[in-house]
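Number of protein chains: 2
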Amino acid sequence: MENKRIVMASRPAGWVTESNFRIETVPVSAPKDGEVLVKIHWLSLDPYMRGRMNDTKSYAAKQEIDAVMVGGTVGEVVESKHPKFRVGDQVSGMFGWQQYGLSDGTGLNKIDASRAPMSAFLGVLGMPGVTAWVGLLDICQPKEGETVVVSAASGAVGSVVGQIAKLKGARAVGIAGGKAKCDYVVNELGFDACIDYKAGRLNDDLRAAAPKGIDCCFENVGGEILDAVLKQMNAFSRIAVCGLISQYNATEAYGVKTFQSILTNRIKVQGFIVSDRMELWAKALPELIGWVASGKIKYRETVANGLESAPKAFIGLLKGENFGKQLVKLV
Amino acid sequence: MENKRIVMASRPAGWVTESNFRIETVPVSAPKDGEVLVKIHWLSLDPYMRGRMNDTKSYAAKQEIDAVMVGGTVGEVVESKHPKFRVGDQVSGMFGWQQYGLSDGTGLNKIDASRAPMSAFLGVLGMPGVTAWVGLLDICQPKEGETVVVSAASGAVGSVVGQIAKLKGARAVGIAGGKAKCDYVVNELGFDACIDYKAGRLNDDLRAAAPKGIDCCFENVGGEILDAVLKQMNAFSRIAVCGLISQYNATEAYGVKTFQSILTNRIKVQGFIVSDRMELWAKALPELIGWVASGKIKYRETVANGLESAPKAFIGLLKGENFGKQLVKLV
Chain A
939 MENKRIVMAS RPAGWVTESN FRIETVPVSA PKDGEVLVKI HWLSLDPYMR
989 GRMNDTKSYA AKQEIDAVMV GGTVGEVVES KHPKFRVGDQ VSGMFGWQQY
1039 GLSDGTGLNK IDASRAPMSA FLGVLGMPGV TAWVGLLDIC QPKEGETVVV
1089 SAASGAVGSV VGQIAKLKGA RAVGIAGGKA KCDYVVNELG FDACIDYKAG
1139 RLNDDLRAAA PKGIDCCFEN VGGEILDAVL KQMNAFSRIA VCGLISQYNA
1189 TEAYGVKTFQ SILTNRIKVQ GFIVSDRMEL WAKALPELIG WVASGKIKYR
1239 ETVANGLESA PKAFIGLLKG ENFGKQLVKL V
Chain B
939 MENKRIVMAS RPAGWVTESN FRIETVPVSA PKDGEVLVKI HWLSLDPYMR
989 GRMNDTKSYA AKQEIDAVMV GGTVGEVVES KHPKFRVGDQ VSGMFGWQQY
1039 GLSDGTGLNK IDASRAPMSA FLGVLGMPGV TAWVGLLDIC QPKEGETVVV
1089 SAASGAVGSV VGQIAKLKGA RAVGIAGGKA KCDYVVNELG FDACIDYKAG
1139 RLNDDLRAAA PKGIDCCFEN VGGEILDAVL KQMNAFSRIA VCGLISQYNA
1189 TEAYGVKTFQ SILTNRIKVQ GFIVSDRMEL WAKALPELIG WVASGKIKYR
1239 ETVANGLESA PKAFIGLLKG ENFGKQLVKL V
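Chains as they are written, first to last, in the numbering used here: chain A, 939 to 1269; chain B, 939 to 1269.
What the hints contain is simulated information worked out from the structure, not anything from laboratory work. Each hint should be verified, as a subset may be incorrect.
You can't tell identical chains apart in this list, so a pair holds if it fits in one copy or across any two.
Claimed, not checked - No farther apart than 25 Å at their CA atoms in a straight line, the calculated lysine-lysine pairs in the DSS-like style are these:
hint: 1; residue 1: Lys-1150; residue 2: Lys-1000
hint: 2; residue 1: Lys-1236; residue 2: Lys-1206
hint: 3; residue 1: Lys-1206; residue 2: Lys-1000
hint: 4; residue 1: Lys-1195; residue 2: Lys-1169
hint: 5; residue 1: Lys-1117; residue 2: Lys-1234
hint: 6; residue 1: Lys-1169; residue 2: Lys-1000
hint: 7; residue 1: Lys-1000; residue 2: Lys-942
hint: 8; residue 1: Lys-1106; residue 2: Lys-1236
With the rest of the complex left out, here is chain A (with noise of 0.2 Å):
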């Protein structure tokens, strides 16, 4: 029986090419006393990716160079010799990019795929969602009423936000790339506004979409984008900065030049990286089934078929290609 995974052969300089990735084909290892065999049905993209693949200091260990490249996986057993794990349980664990893994069962989970498809413990019921979860209502805190602004608001993470910000009462305004993303923001997800930043009018339709100023901020994607919402940010509101997309592949970094609105408004700033908060999984994970299994909160993936598509699904993610949340289809 073989594996195909995909290793990191370069470090990207700027933007990631194809070249930076290399297939490989190896024998799959039979499990010993106390491991599992996992067949990955998909494979999670995620733009937190990108960091690891530089040498630099980041949240997480660096992505090595020869090394299968990291990533959120699920599948199903089929080979057991651990106590808690039998054949057919269907799991989720950090596998990375390749068709089969073996786990001690070190941050091996099942998941109950009776209330949501098995890919859906990848996004809305993964990292992403809880994601949302731990960003909006343990650091911005939303109240009623307020206004909730979210970058990459057709994403696996941002659009969780807007909806969780509806349920809770606040107005939920998305920033997007394109038409066809922010009709689906408001459409499909229902949330108030959505800006088009491609549209080239950032600020006045900031404005126009949060005509009482902006209260909590979930920043996805940083440069431009940020500085538009830190201008009109209200006294006392709140922004977690979940990611910077937009500077994740820039050789030169972007100035932000609204810092002073951070003292002027007494604004409160965290970083966050979901995996610093595991004991929030436990309170939000169910829900998040809750809220997905009743129509409440809605998702949508792009599916790339076949592990050999990873390298040009993953670019795509990093430029805004895809639409929601970006799989992986091994199976």
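For chain A, the structure is supplied; the task is to place chain B on it using the hints.
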């Protein structure tokens, strides 16, 4: 009896000049029932006044043209028809840039000048001292052994920040302009290190002074200094944004290039202004009085003589020409 006062004649565009002010002489009004007349001994000059002079939204009402310049003062009651104040009482209040102030008692507080000179109640025992206390102890919350960096370290606020940090067992690193200020900060105030930002080696000097990285930043300056500090902040560090004096006279805003550190290091950034936290004065002030009376906290004052000297002294303050708390002596 005459009252000399300084009004704002015009709003500055960029750097403040003396032509933005005008001196006037008007009669002193006698207090009516419920009012008290104060002869002002000392006027406080503070960076926040620059923000008030702009025609833009800020954390406080803007300074109106032709109105007496805003400012904290201490003085002595010379006439009273107010039941709570007697002739001879020493008081602090926001009378602004003038020789006499009339008050109905709102915002007027008696000071106990038996434990420190009257002028100290405009500095280490007034708004700047309490600002240091709130930003450091309520927002940054340094733990023993952590490293605290404070910019404008020889100033009225920064000098207190570093000394409290030392009292709490933290490493105190100052940033100041020039060797004389740095020598004072280390040799007289007891900071562990001080970096002269004018020496042109900010990044290297900061790395040497904070070898374990920075856990708390008390920001008074902004611009390049903030960028240098952000680069060396530790995971889960805290920044209290108290002031951005480098930006107050800038006609083009500096772009903060290291904003991404807030995400990577999950930094909490909090803009604050001490008047939002009036409930903490009652806790902060007795502690500060105790530390000053016992010699644990030292301070220095730069005194300009006579009301006419206020505009020039204020411009000098914005340029960093003062050394410690900038005051104007009126009596």
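Hints, verified against the model:
1. For the identical chains of this complex, Lys-1150 and Lys-1000 are inter-copy neighbours only, at 21 Å across copies versus 42 Å inside a copy, given an alpha-carbon limit of 25 Å.
2. Taking the shortest Cα distances, Lys-1236 and Lys-1206 never come within 25 Å of each other, neither inside one copy (30 Å) nor across copies (31 Å).
3. For a Cα distance limit of 25 Å, the shortest separation of Lys-1206 from Lys-1000 across copies, 23 Å, qualifies, whereas the shortest one inside one copy, 29 Å, does not.
4. Taking the shortest Cα distances, Lys-1195 and Lys-1169 sit within 25 Å of each other both inside one copy (10 Å) and across copies (17 Å).
5. For the homomeric pair Lys-1117 and Lys-1234, the shortest alpha-carbon distance inside one copy (23 Å) is at most 25 Å, but the shortest distance between copies (62 Å) is not.
6. Proximity of Lys-1169 and Lys-1000 under a CA criterion of 25 Å is satisfied inter-copy only: 18 Å between copies versus 34 Å inside one chain copy.
7. For the identical chains of this complex, Lys-1000 and Lys-942 are intra-copy neighbours only, at 22 Å inside a copy versus 66 Å across copies, given an alpha-carbon limit of 25 Å.
8. Proximity of Lys-1106 and Lys-1236 under a CA criterion of 25 Å is satisfied intra-copy only: 16 Å inside one chain copy versus 50 Å between copies.
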